[in-house]
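Start from chain A and add chains B, C and D according to the hints.
Protein chains in written order, with this note's numbering: chain A, 1 to 279; chain B, 1 to 279; chain C, 1 to 279; chain D, 1 to 279.
Bear in mind the hints are in silico, worked out from the structure with no lab data behind them. Beta carbons are placed, not taken as given, at the ideal position from N, Cα and C, and that holds for glycine. You may find that some hints are simply not true.
As the list claims (entries may be wrong) - Beta-carbon label-pair distances, calculated as ranges:
no. : chain 1 : residue 1 : chain 2 : residue 2 : range
1   : D       : 275       : A       : 275       : 19 to 27 Å
2   : C       : 98        : B       : 21        : 53 to 61 Å
3   : A       : 6         : C       : 247       : 44 to 52 Å
4   : C       : 274       : B       : 162       : 29 to 37 Å
5   : A       : 240       : C       : 102       : 39 to 47 Å
6   : A       : 236       : C       : 129       : 48 to 56 Å
7   : C       : 100       : B       : 81        : 24 to 32 Å
8   : C       : 128       : D       : 242       : 51 to 59 Å
9   : C       : 100       : A       : 242       : 34 to 42 Å
10  : A       : 103       : C       : 100       : 57 to 65 Å
11  : C       : 6         : A       : 243       : 55 to 63 Å
12  : A       : 106       : D       : 106       : 36 to 44 Å
4 protein chains.
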Amino acid sequence: LLDDPEIDAIVICSSTNTHAQIIEEAAAAGKQIFCEKPIDLSLARTDEALAAVERAGVKLQIGFNRRFDANYRRVRQAVESGEIGTPHLVHIISRDPAPPPMEYVRVSGGMFVDMTIHDFDMARYLVGEEVEEVYTAAAVLVDPAIGEAGDVDTALITLRFAGGAMACIDNSRRAVYGYDQRAEVLGSRGAVQTGNQYANAAIISTGESIRRDLPLNFFMDRYVESFVAEMTAFIEAVRDDTPTPVTGYDGRMALILALAARKSHREGRPVRMSEIAGN
Amino acid sequence: LLDDPEIDAIVICSSTNTHAQIIEEAAAAGKQIFCEKPIDLSLARTDEALAAVERAGVKLQIGFNRRFDANYRRVRQAVESGEIGTPHLVHIISRDPAPPPMEYVRVSGGMFVDMTIHDFDMARYLVGEEVEEVYTAAAVLVDPAIGEAGDVDTALITLRFAGGAMACIDNSRRAVYGYDQRAEVLGSRGAVQTGNQYANAAIISTGESIRRDLPLNFFMDRYVESFVAEMTAFIEAVRDDTPTPVTGYDGRMALILALAARKSHREGRPVRMSEIAGN
Amino acid sequence: LLDDPEIDAIVICSSTNTHAQIIEEAAAAGKQIFCEKPIDLSLARTDEALAAVERAGVKLQIGFNRRFDANYRRVRQAVESGEIGTPHLVHIISRDPAPPPMEYVRVSGGMFVDMTIHDFDMARYLVGEEVEEVYTAAAVLVDPAIGEAGDVDTALITLRFAGGAMACIDNSRRAVYGYDQRAEVLGSRGAVQTGNQYANAAIISTGESIRRDLPLNFFMDRYVESFVAEMTAFIEAVRDDTPTPVTGYDGRMALILALAARKSHREGRPVRMSEIAGN
Amino acid sequence: LLDDPEIDAIVICSSTNTHAQIIEEAAAAGKQIFCEKPIDLSLARTDEALAAVERAGVKLQIGFNRRFDANYRRVRQAVESGEIGTPHLVHIISRDPAPPPMEYVRVSGGMFVDMTIHDFDMARYLVGEEVEEVYTAAAVLVDPAIGEAGDVDTALITLRFAGGAMACIDNSRRAVYGYDQRAEVLGSRGAVQTGNQYANAAIISTGESIRRDLPLNFFMDRYVESFVAEMTAFIEAVRDDTPTPVTGYDGRMALILALAARKSHREGRPVRMSEIAGN
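Only chain A is shown next, with the shape it has when bound in the complex (with noise of 0.2 Å):
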């Protein structure tokens, strides 16, 4: 595949621990480069398979598709239009629907790198800034097994940011309505958030409640327009030869704040960035 010169792009979509070898076998062959996250698991691989694709002067997209959703892009807008001023305080409310199942707990890396990485990228994107602490309240709530395989299921993460923005990321892995994926941003002029997703708008009301159908149940329902998006975006900066709009970059940064959310959990304090990654 690799060897064909009519190929110039490829899309990993492997299991997480193929990622970086391909990365690194793609960019030394010349392709331009779509990864789902996260690049690996160990940030000194990660940086590896980055600095393969800097050599290689190849384009890296990073799967992070919920930037590409319409709501979340408007959160964003709203914040970086000025529309609500400076952020000061950041809700990223991410829950599946169940559980994964337990073969893929046991090898997913963990909620912080597995789940939880889609919110660190978004938390980054909504504020267009860096964090620089985060500090893991985390618990096994849903499912015992969870536990016994010595990973959470339930969390709130707090993010303090460079510029002095907090941000709380709420994560379950059980939400028994369906997929819960809300954003919201106070900032110095304005507050903006965005809800759930649903297959319709109707509303039934009875002697008993007033009522809506349940949201989309899960990311293939939720997302499916935002992975069509990334996609495009991707296909038009290797057309254009222009910038990613998710870059290597971005997946490095996302995966640190997992490890620092992991290593809060573990220690029972606040975690700096500076402890993963050094300066």
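Leaving out everything else, chains B, C and D in the frame of chain A:
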């Protein structure tokens, strides 16, 4: 009571068939008068009572309390201020949670005079113009006993205003989810709509649905603040010797609309106001 | 095209005045037919085309795409499943963001045939019954040029169904905030309503207001998924040799409703279906 | 006043530094006591006052009025009734529309004791458990003068409950759109959330946006009904000789949480309750 010189004003909440006579006696005694709607079921008798008020030079306020509800006030303000431009289309939805007892239905004068009269007043209040023509589609869909008593329980009433705007009034004697009281106006530069009131804003998400508790069930809950506000306005009008905010004229016009709606229903054709009240 | 034996089915999206003839030719050639609404502006011509389809034994689907929109489907489902009981009152709000060009208005056959025809079909679809009587209140409030062309731009249309239910269709050629496409049904055991669709769910709070961006502006955005779904349904009906989900009969009934609405507007009185289409 | 045998109960709304002494004097005089929060800024002084109440055998109710707000009551009910299962994650958003005057800031005891204390009580009320650990991320983002006075104006506070649940309290001294008072609880079987209160439900649609007026601006509007309800509950407790619904113990626990939050902020680490109040 009417002889007591310590008493400046009286509030008439007795049964409708006593309103006109009490108004006349109170007017003769020089009392300021607040009277529940309708003044009378007969236009002729209404006119006699209004003439007595006129002769005595006392104030009269009719109990169209909904004009004092914060939601409808805001709709009116959006029209009056020009925020939504010139009104084109109006919807008034006004549904009771359950029909009144049959004894009440039999003496009520019929749904148009008893229940829709509030909506006729609301239509005039929101648009700020007089109606020229009424068309009624009505039926007995809730309880056959209402039909046997010669009344209807469900209606769609179309109003045409002098300036060209059109309104639809939606009435039902039974919305099983509770008191449904909404209005909306489309204008040349925008629209305004208002919804139901709830005892709480809580939203419950479970594996079955996203739901909230039912709206406030009936007028004593839904409109309690408007009852206080209309009485306050009456007292201020008496104290400051200013015009009452809802006049005998308003009571008369709403009655004419109710009589026209009834005639339209009986004759299966649009009815002009001038057919009821001359020119 | 019609001679090509490789072609099983054709899709007619040409101007309305060509529909009937193409249907007849396609039917004669044994093609399965998808045709945009309306079949023709004349009932007689419509009936000829339908007779040709009948004779040829081919399938015909009419382009009432809104039946395939997830929101209206959910409203219909709430009625069909009995979730809200027997329908009593229906509201269909259908407002365009802006009038079409005057050249289009002049050949469109008028608002009732061109625009409201979708809402007539929707009313039949939601209630699942035939209409017996129509009353139209209509006016020129948006643009005098539309009136000069002999058309109207604003209407409230009252429908009475065979089973007693009543519906109000609200049409405007200009809702400045965008395409307003809503429906609601009150039934004996509850109500269902559906609202507009938005490009994003973000809510912005500032010192002035709590606000969101405008709804999707027009049908190409709002109904894109329904266009795909109706075509998929047509293809499946052809492939599986099953009845099409929207038939020539549906197209005919919607046209009759449009003609009745126009007659009601011209004559200022309710018009029964039997006046248009005999018995 | 305390000598008047006609007086059964007193309500203390004076400045915080007088609360403890008045409680002691009132208790000694055998009066039933309602006292605004906090009892005192010092835990030792609080304990002395509570001991006096204990000795005198009088009732004491603390003014955590939000427990009597219909919205928070419904959230609590959803937890207590098991409607949403066991609580996992809680969010309390509590933002003022604007900072208090600097003279007030200087004597308030700091944001945690003055403002967040309501949220600490709310967290305990909603979850129905005690907190074991607090971590505070706080900053001066609204007004540097607040920082110069030694206080903060923005915070995210993480609570860990004895049963495993975790909560995030979000505080800001300035939400420009008005008083932002929300809560949400994710449980094992569902979630409940509640939102802001508004003076009206009207929604305005124009060519720019779909919008509504700002929420009720501050506590005198937002919580007026809860103030009446808490006083009614106090009177009933005195009249019926039943326990008050918010006790001195509740006041003490909220203060301990505030002191722990302050310590966490100062020391940059999670603080356990036992560090403040021993065992």
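Hint by hint, here is what the structure shows:
no., hint, result
1, D:275 x A:275: 19 to 27 Å, "holds, 24 Å"
2, C:98 x B:21: 53 to 61 Å, "holds, 56 Å"
3, A:6 x C:247: 44 to 52 Å, "holds, 49 Å"
4, C:274 x B:162: 29 to 37 Å, "holds, 34 Å"
5, A:240 x C:102: 39 to 47 Å, "holds, 41 Å"
6, A:236 x C:129: 48 to 56 Å, "holds, 51 Å"
7, C:100 x B:81: 24 to 32 Å, "holds, 31 Å"
8, C:128 x D:242: 51 to 59 Å, "holds, 57 Å"
9, C:100 x A:242: 34 to 42 Å, "holds, 39 Å"
10, A:103 x C:100: 57 to 65 Å, "holds, 58 Å"
11, C:6 x A:243: 55 to 63 Å, "violated, 47 Å"
12, A:106 x D:106: 36 to 44 Å, "violated, 55 Å"
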